[in-house]
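Chains as they are written, first to last, in the UniProt record's numbering: chain R, 1 to 280; chain G, 1 to 283.
Hints were generated in silico from the structure; no laboratory data involved. Treat each hint with caution, since some may be false.
As the list claims (entries may be wrong) - Residues of chain G placed beyond 12 Å of chain R at every Cβ, according to the derived structure:
1) P68
2) E101
3) D190
4) V223
5) L252
Unchecked claim - Here are the simulated DSS-like cross-link-like pairs (lysine-lysine), alpha carbons at most 27 Å apart as the crow flies:
6) K103(R) / K240(G)
7) K131(G) / K122(R)
8) K257(R) / K240(G)
9) K214(R) / K125(G)
10) K75(G) / K120(G)
11) K125(G) / K30(R)
12) K119(G) / K30(R)
13) K111(R) / K257(G)
14) K249(R) / K257(G)
15) K120(G) / K103(R)
16) K111(R) / K240(G)
Stated by the list, open to error - In silico contact screen, one side only, chain G against chain R (beta carbon under 8 Å); selected entries:
17) N104
18) T115
19) N117
20) S228
21) F232
22) T234
23) V235
24) S237
25) K240
26) G241
27) E253
28) L254
29) Q256
Built from N, CA and C at the ideal position, the CB exists for glycine as well.
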Amino acid sequence: MPIDHKRINGPEESVPYELFARLSGITSEKTFEETQSANIRTDGRKFDEQRKIFLKNGVVSQAKGSAYMEMGQTKVMVSVFDPREIPNRSDYSLKGEIYCEFKFAPFSCPKRRLHQQDNEEKQYSSIMKKALESTVCLHELPNFQVDIYALVLHNDGSALSAAINAAGVALAEAGVPIYDIVASVTVGVQQGINFLDPTLSEEQMCQTQLTTEKFPNPNHAVVIISKLPMQQQLCQFHQTGYMSLDQLKSALELLTKTCETIVPLVQKCLLSLVTNSIKP
Amino acid sequence: MSLCDAEKTFILHGVKENFRVDGRDREGYRPIELETNIVQHAFGSARLRLANTDVLVAVKLEIDVPFPERPFEGKLEFFVDCSANATPDFEGRGGETLAAELANILTSAYRSPQTFNLKKLCILKGRKCWKICVDILILECGGNLFDAVSLAVKAALHNSQIPLIKSINIDGDNIELNVSDSVFDCEKLDVANAPVMVTVCKIGDQCIVDPSLAEEQCSVGSVVVAISQEYFSTVTSIGKGSLHPRTMCNSLELGQKVGIRLNKAFMETLHNIQPDEDVGFLK
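So that you can see chain G by itself, here it is in the shape it has in the complex:
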């Protein structure tokens, strides 16, 4: 998408007046659509649509050996795939840098034990643990990818169920795990503290959240803030621009304020989702 100068000025003035092109104020989000449990073969899944950004996340579980330096912890890995459906730019290896950036930010946001407790994924100290593979598929790109991905990941993890292990037989180096026969004997993951990301974009002298594609073009610099409760789990600057330290402080404040609000609303929605509703995408 490329904009001419007049269009950019129009967006800039809108932001200044606190009345953006689509009628939102500076702290407003576009409508979010969320569905969970839509992929049959996954342990948990979610699809999130934020205006024109569309993300599908599926969680797969595997049994693995813990890292030798952290024998009490399970593993959590993120894989991002930018489908060429989203934009022709992603064709071939085009989406690789963006995918790597997304996976890096997610990994660093989920690293602290305060945000996500990996110790619960340990089955047998130093020998067996659960490995959660979070596969993120970007179906459509309409701006503000980071926020959409973080919310979708959170929803997919919330939706995931870990099968219960009834007993472990150890015979020397041989370990046998007995998984419960009933499909309903599952444990939910605790995602109350899982981070949500807020992209704060500087346009003109003001900072806005949830930029659309056009607004991203006008921005001089953006900061992605990952908020867990009221704490920051990751802050990183993206894009080519630079920011004044004072602007950085303002963005952090705005990001925290919006992040807390977004997280609260999102958790409420997650708890209100009815199971087995047969409507929507992939159904």
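So that you can see chain R by itself, here it is in the shape it has in the complex:
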């Protein structure tokens, strides 16, 4: 990957100090065992309980629409700019396009992120684009492109879901025609337990396979879905890991149900936007 030489990227070969702290023995296995025996998560939630959500629109004055979302410790900012003509394109396209850029701030994760997008961020951008492409009425924006920028200020798990939720609000504020509010939820799966709205440590635990002798169940995965609740449509679905059909179905059911709980929050946020704008 080419390195941007105009920026100072810090020493080339450095290792986050947490790696040495991990040697003290806090492994995914241990965390899972503790969680399983206590039957409650490390932050005191039930397995199917979401974290508290804070949602605010209009946080960036220069952008046409913007939103800020907190899900527990996760903090994400999304801004949407005016539709503009698709750059570098000679032929006319009947449908509009979405451009998404998902970025972790350099200080948002335990490990420092570079200023340039890495592969994970590019993948998240394309998942986000996929979710918003079926949300925006692209036929009403012929030959135009809508730019959406998401910046994660603090990553404590489910950052992509938070970004998609916030993007829905920002799009609505920007006045971009959309079919419906978009709601997105993440679930982590480990040993047949669904961790709804996982934190970063839970996300990492669900991405790895625990030692097979102690934990014979091979299921481990992270599933992210985005839904248009009124239309009853899944506009995006992404799963990675290793899981059986039954497990996947139960996760899907849980996720589609949870998407509904986000809708009232978004509605309230948009309602206050309207009432504030018509007040004298």
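Put chain G on the given structure of chain R with help from the hints.
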């Protein structure tokens, strides 16, 4: 390729009747042609032709340093190149998004240790490991790229041979590896659990697998399902459409059923390939 409404209706009705334009049923695949060990300079290679989709995959091995957070594991990386030969759309930077999407899906499908064990690629903990570079070249595009690529990658990995390391000399920071002199002292990679991808396409009210280019045009939404044994290693929706949760469940079921069948047939074929057959592409 652009279709008129009448053509689309024809395809739609065919799918409804379970009798598609080329005579297949909804769960049927087009004929697949496979060749392995065709690139001299690669450690393993495969070329797969699925009807009009043509993919060439070559595996190169390098020695690298493991990631500090995973000192016991080797590395596996995918590089996709969409050649402008395939379609004029890929000219310049046109194929980049598709290439990135393919590489992302492959990376995420191979991430779980259940599908592909990276621990076997470690040579010396935290110091040396094998890095497998899988280079995928798309020669022709005839629909259903994801399935073709995943099968070709699996075949190329199956065909790959890792040279045996006889001894390791450590002198402070200096590490010397002694690779076996004989070219036949090699280890095969275990690809029994490597995922195969099945693209499930929704046309009308029905779901089909292995869509042709024309059928892809008629689809309202597709899901790519990566199956390893009977488990899902990656599921992701592609294209611009959206799906109802019930359709999603049906697609998952169909994808799993077809994926298991495809994997079984493919593994049998891989084991039946005779070495040193001097026929075919690039020979």
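Measuring from the C-beta of V235(G) to each C-beta in chain R, is the shortest one below 8 Å? Since chain R brings a Cβ to about 4 Å from V235(G), closer than 8 Å, the hint holds.
Beyond 12 Å from chain R, beta-carbon-wise, is D190(G)? 16 Å, holds
Taking only the CA atoms, is the gap from K249(R) to K257(G) under or equal to 27 Å? 15 Å, holds
Beyond 12 Å on every Cβ pair: is that true for E101(G) relative to chain R? The claim breaks: E101(G) does not keep its Cβ more than 12 Å from every Cβ of chain R (closest is about 6 Å).
Just to be careful, I want the Cα atoms of K257(R) and K240(G) compared with a cutoff of 27 Å; is the pair within it? 23 Å, holds
Does V223(G) clear chain R by more than 12 Å, comparing its Cβ with all Cβ atoms of that chain? 7 Å, violated
Run the distance test for K103(R) versus K240(G): straight-line Cα separation, threshold 27 Å. 23 Å, holds
Any CB of chain R closer than 8 Å to the CB of T115(G)? With a minimum Cβ separation of about 7 Å from chain R (threshold 8 Å), the hint on T115(G) holds.
Does K257(G) sit within 27 Å of K111(R), going by the straight-line distance between their CA atoms? Given pair K111(R), K257(G) is violated - Cα atoms ~41 Å apart, limit 27 Å.
Quick check on the hint: S228(G) CB to chain R CB, less than 8 Å? OK, holds: S228(G) within 8 Å of chain R, min 7 Å.
Given the proposed pairing of K214(R) with K125(G), does the C-alpha separation stay at or below 27 Å? Between K214(R) and K125(G) the Cα gap is close to 24 Å, so the pair holds against 27 Å.
Please verify that hint: S237(G), Cβ, nearest Cβ of chain R, below 8 Å or not. Holds, about 4 Å.
Hints 1, 2, 4, 5, 13, 15, 16, 19, 28 from the list above are not met by this structure, while the remaining hints are.
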